[in-house]
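A.B. asks: What the sequence shown shows, in our numbering, is residues 1 to 124, in sequence order.
One thing to keep in mind: the hints can contain errors.
27 Å max Cα-Cα, derived DSS-like pairs, lysine-lysine [as the list claims (entries may be wrong)]:
1) K113 x K72
2) K72 x K44
3) K7 x K25
4) K72 x K7
5) K113 x K99
These are computed hints drawn from the structure, not numbers from a lab.
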Amino acid sequence: ASESLPKIGDFGQQNLANTAWAFAKVQLRRDGMMSAISQGVQDKVSDMPAQGLANVVWAFATLNIRDVGLMKAVRSQVVQRIDRFQLQNVMNSTWAFAKLGCADSELMSLFGKEISRRVSGLSA
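All chains should be built: construct the whole structure from the sequences, respecting the hints.
C.D. replies: Put into structure tokens, the structure is as follows:
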């Protein structure tokens, strides 16, 4: 992991999301690595696909790392692009924001409305 830190700036959006997910999946918390991933995601946040954003916030929540800068950057994208998130991405993001205490009432209302809209569409 320490060998990757100097190279993290060269990581593309998919590599950032995959690396964060992998560390969380094996419960390997490396604050330096996660901080570098956070900065990389913040630098590329507007270009990241919805699934990548959802995977990153899920990973940070799974590792219980509350990175306010990251969560604010992802929040702005969620608000702008929630219609492009798959239902699973919306649900994972909702959990991550709530778990880390980064969800305000406006964001939770947006998540709730989007989940309700999607779920009601499933039964139609």
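A.B. asks: Take the hints in turn and mark each one as holding or not.
C.D. replies: Hints, one by one, checked against the model:
| no. | hint | in the structure |
| --- | --- | --- |
| 1 | K113 x K72 | 20 Å, holds |
| 2 | K72 x K44 | 13 Å, holds |
| 3 | K7 x K25 | 22 Å, holds |
| 4 | K72 x K7 | 24 Å, holds |
| 5 | K113 x K99 | 19 Å, holds |
This entry satisfies every hint, going by the numbered hints stated previously.
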